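Novice: Those protein sequences? They're chains Y and X, same order as listed. Per this note's numbering, numbering through the first sequence is continuous, rising by one, with the last residue being 214. Per this note's numbering, numbering through the second sequence is continuous, rising by one, with the last residue being 380.
Because the hints were derived from the structure by calculation, they are not lab data. Heads up, some of the hints might be wrong.
DSSO-like mimics (lysine-lysine), calculated; alpha carbons at most 30 Å apart, straight line [stated by the list, open to error]:
1. K233(X) - K111(Y)
2. K233(X) - K63(Y)
3. K314(X) - K304(X)
4. K99(Y) - K233(X)
5. K373(X) - K99(Y)
6. K373(X) - K233(X)
7. K99(Y) - K314(X)
Ranges between beta-carbon positions, derived for each pair [stated by the list, open to error]:
8. T253(X) - E31(Y): 41 to 47 Å
9. N285(X) - K201(Y): 20 to 26 Å
10. Q21(Y) - G327(X): 53 to 59 Å
All of these numbers come straight from a predicted model, not from anything done at the bench. Every residue, glycine too, gets a C-beta built ideally from N, C-alpha and C.
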Amino acid sequence: MPVAEGKNVQQTVELLTRKLEMLGAEKQGTFCVDCETYHTAASTLGSQGQAGKLMYVMHNSEYPLSCFALFENGPCLIADTNFDVLMVKLKGFFQSAKASKIETRGTRYQYCDFLVKVGTVTMGPSARGISVEVEYGPCVVANDCWNLLLEFLQSFLGSHIPGAPAVFGNRHDAVYSPADTMVQYMELFNKIRKQQQVPVSGIR
Amino acid sequence: MVTTTYHKAGSVLDHSLESLIHRLRGLCDNMEPETFLDHEMVFLLKGQQASPFVLRARRSMDRAGTPWHLRYLGQPEMGDKNRHALVRNCVDIATSENLTDFLMEMGFRMDHEFVAKGHLFRKGIMKIMVYKIFRILVPGNTESTEALSLSYLVELSVVAPAGQDMVSDDMRNFAEQLKPLVHLEKIDPKRLM
Numbered sequence: 011m012p013v014a015e016g017k018n019v020q021q022t023v024e025l026l027t028r029k030l031e032m033l034g035a036e037k038q039g040t041f042c043v044d045c046e047t048y049h050t051a052a053s054t055l056g057s058q059g060q061a062g063k064l065m066y067v068m069h070n071s072e073y074p075l076s077c078f079a080l081f082e083n084g085p086c087l088i089a090d091t092n093f094d095v096l097m098v099k100l101k102g103f104f105q106s107a108k109a110s111k112i113e114t115r116g117t118r119y120q121y122c123d124f125l126v127k128v129g130t131v132t133m134g135p136s137a138r139g140i141s142v143e144v145e146y147g148p149c150v151v152a153n154d155c156w157n158l159l160l161e162f163l164q165s166f167l168g169s170h171i172p173g174a175p176a177v178f179g180n181r182h183d184a185v186y187s188p189a190d191t192m193v194q195y196m197e198l199f200n201k202i203r204k205q206q207q208v209p210v211s212g213i214r
Numbered sequence: 188m189v190t191t192t193y194h195k196a197g198s199v200l201d202h203s204l205e206s207l208i209h210r211l212r213g214l215c216d217n218m219e220p221e222t223f224l225d226h227e228m229v230f231l232l233k234g235q236q237a238s239p240f241v242l243r244a245r246r247s248m249d250r251a252g253t254p255w256h257l258r259y260l261g262q263p264e265m266g267d268k269n270r271h272a273l274v275r276n277c278v279d280i281a282t283s284e285n286l287t288d289f290l291m292e293m294g295f296r297m298d299h300e301f302v303a304k305g306h307l308f309r310k311g312i313m314k315i316m317v318y319k320i321f322r323i324l325v326p327g328n329t330e331s332t333e334a335l336s337l338s339y340l341v342e343l344s345v346v347a348p349a350g351q352d353m354v355s356d357d358m359r360n361f362a363e364q365l366k367p368l369v370h371l372e373k374i375d376p377k378r379l380m
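Isolated chain X, as found in the complex (with noise of 0.2 Å):
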């Protein structure tokens, strides 16, 4: 089943971070916030095509035995300028843990690779995540991080079948209450290249 990923992203320096968990806490569905320390891995698959074909394999450090997370995420949907949330198409599949070698023996390679480490919230369909990305020094070595900046990646996301527009409606007066502990807002992918 193909589906739709809506985003919308921001930052908060460290400092900032217990303020925007307190507020997180009083607006969410969970109680306790979920922690995850994951380890992600970006391939490529080249061809004669212009643009690589990505593909994100993602597996949590602290939970042994759950499953591999493999994604595709499309293109953003060129539409509506004013929709308040970056729209994808996404393919999101669990696999068995040897799904990196399978993917270089598919042809790909890996890009590269980082830890993700943070909280995890949940607010209906929404999912809510402020982490901190670290920078793996030696590759394969997730022992051996360093973080990446001085900040907390915090990012909103829903996953839902495609067409959903209100679903961007309802991130927007989300994002809303966040401020101004934070600004969520649209990126766009190619302003980072």
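The shape of chain Y in the complex, shown without the other chains (with noise of 0.2 Å):
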């Protein structure tokens, strides 16, 4: 579940690794969640008749054998990573929207059941903003383990905890996916590129 904050995302990144090694969670290794968007070209829009949509092709380091690509409010596709080569083949009917891949890199910490990780969501060499992502294992259902994810987060992220993900709607009771994990990186990095740039210092 990310969650963006920061003045300056170096600092506020190193701030929140502090405290969650504080409460004990341990480091294990690193992930990466990036998203690139397509649109459809103009010449298949001439005879569709439809307005142009964005998809949104995104692969995470957690998954690292499957490819998801999604349209927002419709479908999201998991696919093997065979699905980056098709896009390729159909690079006549979809174009990469210029400069529009970001991501999120960082550090994974496992706390207890808990699984943490914040990273620097950058778009080309800038950094726009900080990702937070937190799940908790043993529970497949939303609705049943909310309450306990929001205390643990309050735990580290005091004030800024954020409400539930839009993702489930009214389906709090159905089985979690990595697809609604996807759904919400994707509304976070939209929502940071429509965020002015943040200023930054000192990033490596």
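These two chains come separately, so use the hints to put the complex back together.
Specialist: Dropping the structure here:
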């Protein structure tokens, strides 16, 4: 469940990771989630008679053999990494929006049953925000553990806790799936893209 | 990874099926032939290009929980006319079950669909399929189908990295062993249009 915040990106990330380490969380490698945006090429639009749609193709290091393709408010397809090869074949019909690639990279922390990932969101060379993802391993139904997640988040995010993710809508009792995570990252990335560039200093 | 598919096909009348299956059981790797029941849908994306982009979506009707299979097949490779098999680029992708909804969202429209029911054999990297095609009478309803013909389609194919031309020689040698029950040939897709 990603959350964006921060004035100075680098310092805030360090603050968060230090808090986590003080709680007792253990570092467990790194993670990366990236997102590329495609839009229907003009040549296809003419004959379809519909407004151009944006399609997002995403990868998550937690699922290294998969590729996620989604439309906003539309279906999310989970495919194997050959989907990227197909997108190359489709380049006459779907074009990559210029300089649209956005990604978040950072450290994974394990704290008991919680997996926390704090990442710096970048577009090209510039850092644009921070993502925090928390996963509660034992539970697959969102409604059953939402309060627990909130309580845990409060312990290191203080007042910056988010509201219930929109991806659940009315389906609070549905079984959680990786597609739900990717939809949330897509929404976060879109929100960050629209924000003004965050003033940064000392970013390596 | 873009791979290449090598392909030869032929057909046998219904009454010759048993003899062919018997010979294939002798020649091929499996002890018991594997059967399959698949539903395939062919989608087109029309643009201003002359020819639409074709994708084939296939799902198993008898094995619950298996991923859907999306396949792109390129144009046949121009090259050695003496090559024994049809050679095309292909990209194979396993996907989640919402594939058709997703393709429609991308702008694809279904051109046609069919059900394929038959047997699958393997010999090394060669795959031999003997199956019957069924026309779907009401779009989307795979329960109500009718056989397209009184014969079974026989396909010999290999998916391999590009440029392995000895593959088509191996296929020719295998095809020889199936004569006279069935004659497998390189089918020119343009002839069928």
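Novice: All hints are to be evaluated individually against the structure, with a verdict given for each.
Specialist: We went through each hint and held it up to the structure:
A distance of roughly 27 Å separates the Cα atoms of K233(X) and K111(Y); the hinted pair therefore holds under the 30 Å criterion. Restraint check: the Cα-Cα separation between K233(X) and K63(Y) comes to about 16 Å, which is no more than 30 Å; the hinted pair holds. At most 30 Å may separate the alpha-carbon atoms for a hinted pair to count; K314(X) and K304(X) meet this at roughly 15 Å. Pair hint K99(Y) plus K233(X) holds up; C-alpha atoms about 14 Å apart against a cutoff of 30 Å.
Among the hinted pairs, K373(X) with K99(Y) is consistent with the structure: their alpha-carbon atoms are about 25 Å apart, no more than 30 Å. With a C-alpha separation of about 28 Å, the suggested pairing of K373(X) with K233(X) holds against the 30 Å cut-off. Proximity of K99(Y) to K314(X) is assessed by CA-CA distance (about 26 Å); at most 30 Å being required, the pair is judged to hold. Remark: the range hint 41 to 47 Å for T253(X) to E31(Y) is upheld by a beta-carbon distance near 43 Å.
Range check, N285(X) to K201(Y): about 25 Å between beta-carbon atoms, so the 20 to 26 Å window is met. With their beta carbons about 56 Å apart, Q21(Y) and G327(X) fall inside the hinted range of 53 to 59 Å.
Checked against the numbered hints listed earlier, the structure breaks none of them; every hint is satisfied.
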